[in-house]
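A.B. asks: In case you want the letters, here they are:
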Amino acid sequence: MSSPVIALVGNPNAGKSSLFNQLTGLRQKTGNFPGVTVDKKSGTWAIDSRTVTTVVDLPGVYSIYPKSLDEQLVTDILANPAHPDYPDVAIVVVDASNLHRNLLLFTQVADLGVPVILALNMLDVARKQAKEVNAVRLAMRLGVPVVRINARTGEGLDQLKKAVLGQLHEPVRQGKLFFDPAEEATELIADTKAQYRLENNYLALQYIIQHDGFTFLDRQQQIGLDAIIDKYQFSEPTFQAGETITRYKRIATVVAETVTDQRPANQSTWTQKLDRILLHPIWGYAIFGFVLLLIFQAIFAWAQPFMDAIDAGVAWLNGQLKESLPAGPLTDLLTDGILAGVGGILVFIPQIAFLFLLVALLEESGYMSRVMVIMDRIMRKFGLNGRSVVPLISGVACAVPAIMATRSIGTRRDRLITILVTPLMSCSARLPIYTILIALVVPSRRVLGLFNLQGLALMGLYLLGLFSALLAAYALKLVLRSKERSFFIMELPTFKLPRWNHVGLTVWESVRSFVWEAGRVILAISIILWVLASYGPGDSMQQAENQTRRQNPTLATDALENLVASERLEASYAGHFGHFIEPVIRPLGYDWKIGIALISSFAAREVFVGTMATIYSIGTGDDEGVTIRERLLQERNPETGGPMYTPALAWSLLIFYVFAMMCMSTLAATQRETKSWKWPMVQLVYMMALAYVTAFATYQFMK
Amino acid sequence: MSKRSVADLKIGERATIQSFDNQLMSLKLLEMGCLPGAEICLSGKAPLGDPICLNVSGYCLAMRKSEAATIFVD
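Quick note, the sequences are listed as chains A and B, same order. Per the UniProt record's numbering, residue 1 is the first one in the first sequence, and the count goes up by one each step. Per the UniProt record's numbering, residue 1 is the first one in the second sequence, and the count goes up by one each step.
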């Protein structure tokens, strides 16, 4: 027998995830729910020696009528006993300081017929507000087990264990539905129950109201339900509104009987005092600006030593391997192909970790929802939503987790626009390209005694990314029409101290998904690229080498080896590719070598710098002391004889990389999140067109 | 006199919810505790005056003015 499934259900900020971490400790994993891409957090919880359960942490919801994609999942599971994650017991975690609203969800889940346990959390917060909840009376009134817990400290877990064991062995369901739809729509419910072989009245109502969103119903069944709605002229929104009001009325009597509230009226909490500053017309934006500055500082300055260390470590390992392994194609593949590729991914971990550490801290403390509030008005002008702020900020590190962060946006159109423009934010993979090319053409000089010219150029590119994201959003807003009304209704949680284990897990998850998602693609491309650069059609590469050696008998060894390597590369498959696309990229100022780098970085931008290194040094083996920058400065333009990397070319490349959609992982993420190939294609085409046109204009203008 | 909505309240002003004029929006608002008869208090506004923050049954709810305008108060 498979282990019993325990689902954690609850309002956002009710303490569900804290409880999840308490129960599962380190025995948890993240995956996807079958058929959907919403993150699935699950773990094992050994209640006693014989009972090992699987705990599933469901997304936080206010009711079982979903408002966003994330929330859809909860009903999809709780309404479908055949679902692999359908719980044997649902623990509904409620915030005791806000029992009234939290009980709405509880009564709905209980009415669906799932065996439930009510976990009363945050009793300490309630006590501070001079509220006392009588758990025994609540249990009697609701007819289900009620357990007092403290999810942060782990108090009450023994009682929770007993309650879960009790529910597993002898399930107690509440006797009578809290809200029985058959009281008002008798025939409709009876008809639905008969046609779909359902036992539960409330589940039958969910079939009627939510059948379009239920993935477990086939087309035929959905049409059948539409027919029932027609037959009884049933108005879903009216009924649903009536249901909510009736539930709240009944809950009000329950709360009145079980909660003693001696809170003095008009008490100003310190959350309200803080909000007065954080939502202040001037201070609010000033503080947000400061926080953003802090984030950027963390990504660029604080992460640098760690990145250097990783870089040095990979280089050292590479050197060690080259020395100790016998020379040959296999060793080359391992060092120049695989290790170089893996190093290109690992080096971004510090930046991603720092960004998500700060974002997690802001979310945990409750500040992020204030940011969404102060930004909503501005974002709305561009067809976005206050909730788009988090994906856009996260996009500075990596678009893949950023796109996944759009799931909390309830309106489909707002979400789609956010997904489409997020990759325009300059992610950390663009940074090495920016730094190398800026170092090439922008002098390192102080201006106004304070700023470094190169730093300003870098900031300019980031701002260009941000503004183009906003403009693209505005353009998409005009193009994408929608009947759906955009909305922004959000609870502002009280300020809390962050839970450090929670923050740590979030950082770990984002780093893991980056390394895994982006890493696989980059590794594969590195290997392919190495093969393409190391082999050519027939013996063309050998011929090129022989010819070069014959024609340059007097050249010094080093210079000859470099020339040979370059000629060999031109004769390789990669060289052929580069020449093939040269006519297309010529107007932008690029030659076939840059063409190879462009093609290879199509998979992921970070490959660009590695490819340039490969192109300009492959085969020489001895390039110590010569950085890519110096190598690029030496490069001559065969036509003019002057330097190849002129400011016009460098800026054209820079601008190209600001806009170009060059990341397979991001396209894959867009495909997963929109469940269609149309949107990743739209994203690819509009961003590449933007990149080409602007790079063309830059080169022609500066030439 | 036209009906007053939550969007017309001043900061610190209290009112009691009467009805809604948008059915789909009302479903979302009802679930968040904005019930007919419930007392609400406009506790603050975002820097540009929109969205606004309301105190409803003991917690703080942020919503856009256009959404607040669908909630009529006495």
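The hints are simulated quantities; they were obtained by calculation from the structure and are not laboratory data. Computed from a prediction, not measured in an experiment: that's the story for all the values here. By construction, the Cβ of each residue, glycine as well, lies at the ideal position given by its N, Cα and C atoms. Do not rely on the hints blindly, as some may be mistaken.
Said to hold, decoys possible - Sample of chain B residues facing chain A (criterion: CB under 7 Å; computed from the structure): (1) Ser-5; (2) Asp-8; (3) Lys-28; (4) Glu-31; (5) Leu-35; (6) Pro-47; (7) Leu-61; (8) Met-63.
A.B. asks: Against this structure, judge whether each hint is valid.
C.D. replies: Structure-based check of all given hints:
Hint status for Ser-5 (chain B): violated, given a least beta-carbon distance of 15 Å to chain A, over 7 Å. Taking 7 Å as the C-beta cut-off, the interface hint given for Asp-8 (chain B) is violated, the closest approach to chain A being about 18 Å. About 6 Å separates the beta-carbon of Lys-28 (chain B) from the nearest beta-carbon of chain A, less than 7 Å, and the hint is met. Among the interface hints, the one on Glu-31 (chain B) holds; its C-beta lies about 5 Å from the nearest C-beta in chain A, closer than the 7 Å criterion.
Restraint check, Leu-35 (chain B) versus chain A: the minimum CB separation of about 5 Å is within 7 Å; hint holds. The beta carbon of Pro-47 (chain B) is positioned within 7 Å of a beta carbon in chain A (closest approach about 4 Å), and the interface hint is therefore held. Interface hint status for Leu-61 (chain B): upheld, as the beta-carbon distance to the closest one in chain A is roughly 6 Å, under 7 Å. Satisfaction of the interface hint for Met-63 (chain B) is found here, the shortest Cβ-Cβ separation to chain A being roughly 5 Å, below the 7 Å cut-off.
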